[in-house]
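Protein chains: 2
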Amino acid sequence: MHWPVWIPKSYNATIRLSAGHLCAPLSTQNGFSPSVPTAELQREVAGDYIRQFLSHEEIVINESSPDLILENTTTAKWTSVSVATAFMSPSSALCHQFSHRAAVAHQLTNVLHESFFEDGIKRATELAAYIKEHGRPVGPLHGLPVRLEDSVNVKGIDTTNGFIGRIDAPPKEDAELARILRSLDAIIYCKTAVPQASFAAETENNIIGYTTNAYNRLLSSGGSSGGECPLLALRGSVVGLGSDIGGSIRYPAALNGFFGLKLSYRHLPIEGVDRVMEGQDMVPFSWGPLSSSAAGLTLIVKSILAQEPWISDPRVVEIPWQNYVYEDFVQATKGGRQLVFGVMRNDGIVQPQPPISLGHKVIDWQPPSHEEANKLSMATWLFDGSEDVLKNLALSGEPIVDSVAQISGSKPGKQSTTSEIANTNIAIWRYRKKFMDYWNSTKDLTGTGRPVDAVIAPTYPYAVSVIPVITADKDVDVYPADFSPLILTLDDPEIQHGSPVGISIFGRRFQDEKILGILVALSSA
Amino acid sequence: MHWPVWIPKSYNATIRLSAGHLCAPLSTQNGFSPSVPTAELQREVAGDYIRQFLSHEEIVINESSPDLILENTTTAKWTSVSVATAFMSPSSALCHQFSHRAAVAHQLTNVLHESFFEDGIKRATELAAYIKEHGRPVGPLHGLPVRLEDSVNVKGIDTTNGFIGRIDAPPKEDAELARILRSLDAIIYCKTAVPQASFAAETENNIIGYTTNAYNRLLSSGGSSGGECPLLALRGSVVGLGSDIGGSIRYPAALNGFFGLKLSYRHLPIEGVDRVMEGQDMVPFSWGPLSSSAAGLTLIVKSILAQEPWISDPRVVEIPWQNYVYEDFVQATKGGRQLVFGVMRNDGIVQPQPPISLGHKVIDWQPPSHEEANKLSMATWLFDGSEDVLKNLALSGEPIVDSVAQISGSKPGKQSTTSEIANTNIAIWRYRKKFMDYWNSTKDLTGTGRPVDAVIAPTYPYAVSVIPVITADKDVDVYPADFSPLILTLDDPEIQHGSPVGISIFGRRFQDEKILGILVALSSA
Numbered sequence: 001m002h003w004p005v006w007i008p009k010s011y012n013a014t015i016r017l018s019a020g021h022l023c024a025p026l027s028t029q030n031g032f033s034p035s036v037p038t039a040e041l042q043r044e045v046a047g048d049y050i051r052q053f054l055s056h057e058e059i060v061i062n063e064s065s066p067d068l069i070l071e072n073t074t075t076a077k078w079t080s081v082s083v084a085t086a087f088m089s090p091s092s093a094l095c096h097q098f099s100h101r102a103a104v105a106h107q108l109t110n111v112l113h114e115s116f117f118e119d120g121i122k123r124a125t126e127l128a129a130y131i132k133e134h135g136r137p138v139g140p141l142h143g144l145p146v147r148l149e150d151s152v153n154v155k156g157i158d159t160t161n162g163f164i165g166r167i168d169a170p171p172k173e174d175a176e177l178a179r180i181l182r183s184l185d186a187i188i189y190c191k192t193a194v195p196q197a198s199f200a201a202e203t204e205n206n207i208i209g210y211t212t213n214a215y216n217r218l219l220s221s222g223g224s225s226g227g228e229c230p231l232l233a234l235r236g237s238v239v240g241l242g243s244d245i246g247g248s249i250r251y252p253a254a255l256n257g258f259f260g261l262k263l264s265y266r267h268l269p270i271e272g273v274d275r276v277m278e279g280q281d282m283v284p285f286s287w288g289p290l291s292s293s294a295a296g297l298t299l300i301v302k303s304i305l306a307q308e309p310w311i312s313d314p315r316v317v318e319i320p321w322q323n324y325v326y327e328d329f330v331q332a333t334k335g336g337r338q339l340v341f342g343v344m345r346n347d348g349i350v351q352p353q354p355p356i357s358l359g360h361k362v363i364d365w366q367p368p369s370h371e372e373a374n375k376l377s378m379a380t381w382l383f384d385g386s387e388d389v390l391k392n393l394a395l396s397g398e399p400i401v402d403s404v405a406q407i408s409g410s411k412p413g414k415q416s417t418t419s420e421i422a423n424t425n426i427a428i429w430r431y432r433k434k435f436m437d438y439w440n441s442t443k444d445l446t447g448t449g450r451p452v453d454a455v456i457a458p459t460y461p462y463a464v465s466v467i468p469v470i471t472a473d474k475d476v477d478v479y480p481a482d483f484s485p486l487i488l489t490l491d492d493p494e495i496q497h498g499s500p501v502g503i504s505i506f507g508r509r510f511q512d513e514k515i516l517g518i519l520v521a522l523s524s525a
Numbered sequence: 001m002h003w004p005v006w007i008p009k010s011y012n013a014t015i016r017l018s019a020g021h022l023c024a025p026l027s028t029q030n031g032f033s034p035s036v037p038t039a040e041l042q043r044e045v046a047g048d049y050i051r052q053f054l055s056h057e058e059i060v061i062n063e064s065s066p067d068l069i070l071e072n073t074t075t076a077k078w079t080s081v082s083v084a085t086a087f088m089s090p091s092s093a094l095c096h097q098f099s100h101r102a103a104v105a106h107q108l109t110n111v112l113h114e115s116f117f118e119d120g121i122k123r124a125t126e127l128a129a130y131i132k133e134h135g136r137p138v139g140p141l142h143g144l145p146v147r148l149e150d151s152v153n154v155k156g157i158d159t160t161n162g163f164i165g166r167i168d169a170p171p172k173e174d175a176e177l178a179r180i181l182r183s184l185d186a187i188i189y190c191k192t193a194v195p196q197a198s199f200a201a202e203t204e205n206n207i208i209g210y211t212t213n214a215y216n217r218l219l220s221s222g223g224s225s226g227g228e229c230p231l232l233a234l235r236g237s238v239v240g241l242g243s244d245i246g247g248s249i250r251y252p253a254a255l256n257g258f259f260g261l262k263l264s265y266r267h268l269p270i271e272g273v274d275r276v277m278e279g280q281d282m283v284p285f286s287w288g289p290l291s292s293s294a295a296g297l298t299l300i301v302k303s304i305l306a307q308e309p310w311i312s313d314p315r316v317v318e319i320p321w322q323n324y325v326y327e328d329f330v331q332a333t334k335g336g337r338q339l340v341f342g343v344m345r346n347d348g349i350v351q352p353q354p355p356i357s358l359g360h361k362v363i364d365w366q367p368p369s370h371e372e373a374n375k376l377s378m379a380t381w382l383f384d385g386s387e388d389v390l391k392n393l394a395l396s397g398e399p400i401v402d403s404v405a406q407i408s409g410s411k412p413g414k415q416s417t418t419s420e421i422a423n424t425n426i427a428i429w430r431y432r433k434k435f436m437d438y439w440n441s442t443k444d445l446t447g448t449g450r451p452v453d454a455v456i457a458p459t460y461p462y463a464v465s466v467i468p469v470i471t472a473d474k475d476v477d478v479y480p481a482d483f484s485p486l487i488l489t490l491d492d493p494e495i496q497h498g499s500p501v502g503i504s505i506f507g508r509r510f511q512d513e514k515i516l517g518i519l520v521a522l523s524s525a
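Protein chains in written order, with full-length UniProt numbering: chain A, 1 to 525; chain B, 1 to 525.
Hint data in this document are derived by calculation from the structure and do not stem from the laboratory.
This structure is a prediction, so every number in the text was calculated from the model and none was measured.
Wrong hints could be hidden among the right ones.
Note that identical chains are pooled: a pair holds if it fits in a single copy or bridges any two copies.
What the hints assert, rightly or not - Think about it this way: if two alpha-carbon atoms lie no more than 25 Å apart in a straight line, the pair counts; the simulated BS3-like pairs of lysine-lysine are:
#1 K302 / K334
#2 K391 / K411
#3 K155 / K434
#4 K433 / K172
#5 K122 / K77
#6 K302 / K433
#7 K433 / K155
#8 K172 / K434
#9 K302 / K77
#10 K122 / K132
Next comes chain A alone, as it looks inside the complex:
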């Protein structure tokens, strides 16, 4: 796709009609809307607002959970073509009466880097023909639309990491994730926006500008999965995959009211993922699912692991999906037996309640210093003195965006020496051991003879999974008089009003089935 070579930097939330084949202007059932309203005029665009641009049939499909969509496509109740066209515009040349949800969602919140809807609809057509002829679906994700993040290589489609200089240099091969999803007969159809360098807590770059929250366009959608989450909120996607190193799945999932899970490192394939600062393996990134339902997270993880990704990706460990653990924790969480949760309340805002109401026990969670973990992580993420970020900026001469500059700096920094890297690795191992020892030590507090089963905590920045619980209310969510922020400055309750609030639940490494079981049970409680 040919992007403009240069777009001036912009911090407002107006919509950039960046992809030529998205329908513009918006079309409604009553005709064309002359323009997208500003964020001030139309703060929330989720729910009823976006529905005005869609047909009833589309809305039913878009707002179904991934497992329900799959149930309908695999039983031929819905054709894969009707599902695909509910999300995707069928042609770059043709504006249909209805603009189809992912396209509309992009126009409202600026979420897509790349759309390849024609490919998606073509594949959906093949799948529909197959099921019609043979009476059975082809692959286990038959016709399920799955979105990917910018950094996952898809053959022939740019991977830019938000850099202008990387436009028009598409990869020649699919990443393992894309290959496996295609082999499962999922329909991949778009790549969502990331911050410049894929490395910030808000999503802004010089290609498409700023990505906003669908519930409140005065606010950020977060980052680095900042494109995926408003798309989910607007139901332009029901399930997708994102990467996370320091909160990139969890933070936007919490801000946009969705389910997200940072899986254990080395669990899902990363071969063919093109990241900035590649080669940093000290605190590495992980992949994980984001979905409009907890069951959607399970569906995608289980399906990918069934393909034995360790056979074709040397960085994946051979740990199959453990369904008995998952089912056990679904039942246990629902009350089959008492679980014990650690609860971390110390940011003074979130008071998690659901497990208590289900009869589970909670204990105070007082782990080793998070500040220490944060310092160690930052040391690894900035280990190359920003060399790679600056090199990518230099490809086009574009400026660094502020939110990225705040993290990586805008000038070359000092590179770590080899011995410093070794010492940081050792410090990370020592910290992890301390954290593990603390986790193990809770067995003296739980009364069950085993340590806590999972921990419930505010979302950012130390959690693993995110479950949406409430929306912010300016009248209820008032700060205590003695509240002082630890790191971040406070936001304006007027602006926050109506935004989603998520909490996090995390477990031990490589015990992702437990967390998924707990999430599914809690979300249906």
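On the provided structure of chain A, position chain B as indicated by the hints.
Same frame as chain A, now just chain B:
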């Protein structure tokens, strides 16, 4: 233990009576031997030679396999005290009539850094009392003597890595490996010699000098598990654990005629292991068992994994022992179904035969360039410009030994930059992916629809497990007229005569049970 502060460097194979409480001189059934013979006078010391210093009862115990010893200790047929004293001298002050096998083995080939036989016998006495009182064993490795390598921290016992400057600074805690072995009621009783810096293919340091091969004291025992392997050959140990980064288990196992397995990285615990160049995590070391029998390898791996080491070591992945895979491959290898082996013959020496004789199929193994892998590995192992090695040498002012200097250099080198480290990581990932793709591609050649089950290859330097097959014969093992060595220079057939020859069998990462199953079946064929 107080070692001499300085011992002049020595390259001959004479025996250094370094540990005060080993019996010296050697005692035989007929009295005392005045001195240990030179290597020229007594080339081989295994078998009948060492037996002259031992009682019949000791010999029966020493030469039993680990699983048979365990069967006898757990059924109280043998007491754990009689087993312990067959390997360990009971007191530093008291020279018994017989010198007990580990002590004798040390005097003949220079294999021990540390012996803590009194602790071992004390624990054996407690275990014997328990089984006598309760009629059942305590832990699953009840009374089994297990040896450790120098780098595994044992509370109160020096970990020197072969550096004089690290004598008399013992660790305050057991490593996870030691802790788990004790919890299983194994008896840990000695730590074996490693090269200076634990980082060479022959075992020499300025503390105890040079460690020799038990079958041929004119030859090296290899490294870095150069202490363990002659001890196994002399049956002063039946099972132990060593580390391996570039052949440290496999190379000495092949040279000394024993079974060894480099397990997949992150499978056995490494917490509390004190290595030189700690913090290098690009091509990391792994732990694995060495034993006088293939079943001994299985026993130790299975027992440790049953303790869930991932609960207390953050670098271990949660992959339990998969007994069904192991049993399946034992049966399959014995002829239950046809397996397909890749065979790599290109060093011109080893022509592996056993699988063919069992009716399995072989195909030629032509993987991506090993030279490329070797270059990448060396880049990571030398990544700190020898800073850590030189720092450790400076603690005492001792000189670097030649075999270490040949690898790391004796002067400070250039440290890699951060970007160079990142690029090396990427190159390693690319190489691993190429290797994996090659492995997967063999499914078109096997006729079974799956890729090769395992690969049989010469031992050094790219294998995983080692199985002893024959001994070198100067009349049979002649080089072809057109043979030219690839890397190493040729040895003198006269000197090699009578030395063990091992071959390697390796499988995919995290499929260790398959390899153990194959080893056990082949070794009983």
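Hint check:
1. In this homomeric assembly, K302 and K334 come within 25 Å of each other (Cα to Cα) only inside a single copy, at 21 Å, whereas the closest approach across copies is 35 Å.
2. Taking CA atoms no more than 25 Å apart as the test, K391 paired with K411 passes inside one copy only; the shortest distance there is 11 Å, against 34 Å between copies.
3. Proximity of K155 to K434 under the C-alpha cut-off of 25 Å is restricted to the inter-copy arrangement: shortest distance 19 Å between copies versus 43 Å within a copy.
4. Within a single copy, K433 and K172 get their C-alpha atoms only as close as 41 Å, which misses the 25 Å cut-off; across copies the closest is 16 Å, which meets it.
5. Taking the shortest Cα distances, K122 and K77 sit within 25 Å of each other inside one copy (19 Å), while across copies they are farther apart (73 Å).
6. Proximity of K302 to K433 under the C-alpha cut-off of 25 Å is restricted to the inter-copy arrangement: shortest distance 23 Å between copies versus 29 Å within a copy.
7. Taking identical chains as interchangeable, the C-alpha atoms of K433 and K155 lie at most 25 Å apart only when they sit on different chains, with a minimum of 18 Å there against 41 Å within one chain.
8. Within a single copy, K172 and K434 get their C-alpha atoms only as close as 44 Å, which misses the 25 Å cut-off; across copies the closest is 17 Å, which meets it.
9. For a Cα distance limit of 25 Å, the shortest separation of K302 from K77 inside one copy, 24 Å, qualifies, whereas the shortest one across copies, 50 Å, does not.
10. In the homo-oligomer, the alpha carbons of K122 and K132 lie at most 25 Å apart inside one protomer (15 Å), although the nearest pairing across protomers, at 76 Å, exceeds that limit.
In summary, this structure violates none of the numbered hints.
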